[in-house]
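*Asks:* Work the whole structure out from these sequences, hints included.
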Amino acid sequence: MENNQKTPILRAQNVEIKFDLRGKILTAVRGASIELYEGETLAIVGESGSGKSVFTKSFIGMLDKNGKVTGGQVFFRDEDMMKYTTEAEWLKVRGKRIAMVFQDPMTSLNPVRTIGEQIAEVIIWHFKVSHAEAKKETIEILKKVGIPNAETRYHQYPHEFSGGMRQRVVIAAAIACRPEIMICDEPTTALDVTVQAQIIQLIRDLQKELNMSVIYITHDLGVVANVAEKVAVMYAGQIVECGTVHEIFHEPVHPYTKALLRSLPQLGIRGHELYSIKGTPPNLFKEIKGDAFAPRNPDAMDIDFEEEPPVFQVSPTHYAKTWLLHPYAKEYAAQIQERDRKRSEEAAAKPVDAFDYSNAEKLLEIKNLSVSFKARGGKFKAVDNVSFDIYKGETLSLVGESGSGKTTIGRAIMRIYDKVEGDIFFDGEKITGKQTKQKMKELHMKMQMFFQDPMASLNERAKVDYIISEGLHNYHLFDHEKGRKEKVANIMREVGLSPDFASRFPHEFSGGQRQRIGIARSLVMEPEFVVADEPISALDVSIRAQIINLLNRLRQERDLTYLFIAHDLSVVRFISDRIAVITKGKIVELADCDELFAHPLHPYTKALLSAIPYPDPDVAGRNELLTYDPSMHDYDVDGPVWEEIVPGHYILGNQKELDGYRRELGL
Amino acid sequence: MSQQNEKKITLDPVKFRAAVFDHMRSEDTGYSNYSYWKSTFRTFFKSKAVCALVILICGIILMSFLYPVFSDVDPTKRSLIFMDWNQKPSETHWFGTDQLGRDIWARAWYGARNSFLLGFCIALSDVGIGMIVGALWGYNRKMDPVMIELYNVMTNIPSTVYLVLLAYIMNTSFLTLFISMASRGWIVEARFFRNRILSIRDSEYNIASKCLGTSMWKIVTKNIIPHIISLIIMEAALCIPYSIGSEVFLGFVGVGMPVDAITLGNIVNQGRASFTQHPYQMLLPAAILCIITIAFYIIGNKFADASDPRNHV
Amino acid sequence: MAKYIGKRALRSLLTVSIVFVAVFMLLRFMPLEGYFSDEMIKEADEATRMSYLRNLGLLDHPLVQLGRFVKNLFQGELGRSLTVYPKVPILTLLKEKIPVTAAFGLVSMILGIVFGLSLGLIMVKSQNHFGDHMGNMFILVIRAVPSILYLFVIQVYVSAWLDVPMLFYDNRPNSWILPAISLSLGSVAWYALWLRRFMVDEQNQDYVKFAQVKGLSRSAVQRKHIFRNAIIPLVIYLPSDLLLIISGSLVIETLYSIPGTGGLLTTAIKNQDNNLVQILVLMYAVLSVLGVFLGDLLIAFVDPRIKLTQKED
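Line by line, the protein sequences give chains A, Z and S. 1 is the number of the first residue of the first sequence in the working numbering; add one for each residue after it. 1 is the number of the first residue of the second sequence in the working numbering; add one for each residue after it. 1 is the number of the first residue of the third sequence in the working numbering; add one for each residue after it.
No lab work stands behind these hints, which were simulated from the structure alone. Some clues are possibly wrong.
[As the list claims (entries may be wrong)] A partial selection of chain Z residues facing chain S, derived with a Cβ cut-off under 10 Å:
#1 Pro145
#2 Glu149
#3 Val153
#4 Ile157
#5 Leu165
#6 Ser246
#7 Val248
#8 Phe252
#9 Pro258
#10 Val268
#11 Asn269
#12 Ile294
[To be verified] Label pairs and their computed distance ranges (CB to CB):
#13 Z:Met143 - A:Glu481: 31 to 41 Å
#14 A:Gln156 - Z:Leu175: 56 to 66 Å
#15 S:Arg228 - A:Phe127: 29 to 39 Å
#16 A:Gln313 - S:Gln203: 40 to 50 Å
#17 A:Asp479 - Z:Thr221: 19 to 29 Å
[As the list claims (entries may be wrong)] In silico DSSO-like links for lysine-lysine, alpha-carbon gap of 30 Å or less:
#18 A:Lys446 - Z:Lys222
#19 Z:Lys38 - Z:Lys218
#20 A:Lys18 - A:Lys278
#21 A:Lys367 - Z:Lys210
#22 S:Lys224 - A:Lys135
#23 Z:Lys210 - A:Lys485
#24 A:Lys392 - A:Lys441
Just so it is clear, CB atoms sit at the ideal spot from N, CA and C, and this is done for glycine as well.
*Replies:* Here it is as structure tokens:
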């Protein structure tokens, strides 16, 4: 190990990458440097557009056609790969010695070729072996990545595999040649939490077994804490801080790293404002002067706006690019540190008031709701006999993985579907079935929805002004044009947007800003109840806290009730009063937030909790990863019932299971 | 990794203190003022060839509509003097004369006007009806079996059947040609638009509109059509070469417009008969015809490219 | 799967029936005069004409005529031509004409696939360079210019250039070259256009990038992944193409005087040869519906993602 420390296996120096986007030059990577040592896992963290993906793609010569490395060197075992000019030179490295895994397993495999062929072709290509040999080897690798029945699976097509299994296949193809380095580009972002945990585990195991070096690209600090030994934080095309995972999580020095860690919802305290990073990531089309993060850093110094900071060494393994480490800034840095320490002490000291259910009113009652869709000739039950209540003023979170039916419930409440089974009552009145026009208007005003994807939820062809006032137009909620404009301006200010933006098209805004436009569009109707359908999951880490704070503030100021739909239990913990866990169209457990985390009963809830990547390297990986197999329930004879096992804690199970749960609670 | 900044810069200790936080600056995404249509047209007209084609086609359209108004040359005027027949292109007859002594230059412009009229009518009816039916079809799953059957049936009945039949009922004319050509065009367009509408019907912004109580009509006109309008324009542009081609074809088969009607199809088909002796009689009007069809074809396709936001600057 | 095929077959049968009945009924709207030859109009009196019509069964109620036709059809009796080839059994007629047309069709289809796919590949390889531009020009001309114009120009000029006959002769193989090549031009352009488009689409897919990341060379990726996937959507049209080669090309068969089926339908419609029209429409409808059906089966066979149980879109 000591020997290796001296010569890194991969060393990138001052890499600069530019893209030509129809005459405009975008500098995606602005002089980034990293070192990767043998057998270690280096995580590169950054938000979208930080250049992390492009940076690593240059290590295998896979930049898009319009991209070019315009500066710097990348040494792979003392050979500067940036000097490669022909494809043949790259082919000796690419796939064979440096492999890569992409983000979306659903699209990384050729849909019309068997997965076996796609792995075997790498082996045949690089080692020039016979088909039979390659097949034998492929089956071995498939077994290694945890695919059962590898012999039969070999002949199957990608669509016959689930997302997690497909990612295993992709990893199998990547390790087929026993590469020295494996680059994983957000390999779990498109996967469910429980599957994500398994894939992370797999990558860790393979890294040890094959003694590979792994570069793990992600935006998720929770994942970083779980996989990495070293972490490089990337911002606006530069590595701003790099160190061991403990140094980064416990002694961050760069303002961006610090802010990123502080703004994590997982670490927030319910009822308190989350620390949030202001503003939006910089535009890399423009030339950046000084420290790229300075405009968003409230503690920035004058020098940050003028000169680019050099690299300062903090410890042998830890360095950062910030002027705060300059001797001149010693005093100022100490001030900031002292203030931050005080602040966090204050925050911890404040009591957290839980939601009081003793005299809460029911706002929404959902009784035996089922929604089915036509699919492939048959019927597919997306939501299966679900019942729960939502109280006035609370935030109820509905947590489940993709395809669990959580969004369908939200949309059913919003009456998007023509036909649902069961009843929904709002304020005691039935809202399912046909309604009068007046009633529809009332409901449209009282109930609103926030959407997940800020890119897809705004009409690109309409100006912000039209988008926000769409509801006002529909029901003529204004007396005159001036009044409408005022309403739009007010609501924009409320969500933190300048009213000047009203005349622009959504295209011009960043994800977080677009999300706020979407929120304004719903809020202008002055609703009492909002279905928030994963409003933060498509956003960058640095933006999430802003939106969460906004949602919390609106809830307090406007007395809103939320149904918060999410797939990430850790985020939900920070904002919800109660949590319902849903899987395969059925709600399996519903309880107070703290109760659920303290006493999870249903095996699915437990599996979900064990899979959360916690953003702290000391905690990470300590919990045993639990798996949930629906076939463990024996519901043939003894059907499941929805039972309130202790006041406020509901669970789905048959009598035998319920008895078990009671025993667990010590009743 | 500890390479210090090579550049020697003199640092001022005063600069190492808190700067003023500017909220607007932090929100600056630096995007220019973008508008979909502006960018579409900018991208469209960026190519010089496209600019030239658009100018050319505008000129031809203008010419074909103005020529019959301002020119006193009668395109149907036959000459009884042998000398006037089959004249080669000259200063008096730019495109020469045909075997009856008619001026081909004049005939070409009259023909172009009629062909344009036919093309515009076809474009209007195919795309117009197609879009309305396509929108209804896209929003109504129950129409599926009926419409698919109708599509299969319509596309399998030869349009010559209508044409000949209609010709018996009301003599071959502009109208019969139009009806027989438009009879199946609309359903092809309807299917095309239905597929496009299906692909954006359930996108989140349409669900958002539904949550706000926006009426179906407004969703279609404000949310759906602006997203497919570029396709509508492209399809309409491609209708012109299609209809001109069909007209030539029907003339060739002998079921087109009456012989004495002046259309590009008739002129070209008549020119073909005397091609071996007098090639100019066909080639010159055919050149105008080809310029028109090729220009519309290119413009339609280039516009579709330009309207794709991925190609925007 | 058997259930699905059965269902599809029934629906196809329905489509064919509707097409046929519609055309059958439309033909009954034709004026009676149309059934007479020129001599009959000149010479025969009213009574002779009526008895002529009665003998042909044309005066019966259309539904009776339909019933009779269907009955005959099931007995294998296709009837005789009325006006185009008076009294010649249609079966004999088809037996004589189809082989000629089909031979040309088959050759040109093979040419179309071979040269079309090659051109498409060349265009992809030289994307946005010379070869691509030339290919695009070719496609543009073939698709935008009315086929009669370029086919005619080829016939006149290329035949002189190659020194081959301008018309088709049964016994002179060198007279077969030009029509076969002309016939294939459309499909060459079609295959080239779509192969290029699909390959360019596939190029941007993640799995192609992943294949490159695996270390495969550009050409290996193109061969093993891009081409293979891009060809799949084209496969769906193969059966239709193959079946409909017997319908021939009206323009080419007319230009080169090939005694094939190309112009038969239009001639029959123009001459109101009901029996012939009915048989031809029925035949073409069966072939085209069958072609679509077989195309769907074939694609399910080639593309593992598509299962036959899936609902048709």
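*Asks:* Hint by hint, work out which the structure violates, then give me just those numbers in ascending order.
*Replies:* Violated hints: 9, 15; rest satisfied.
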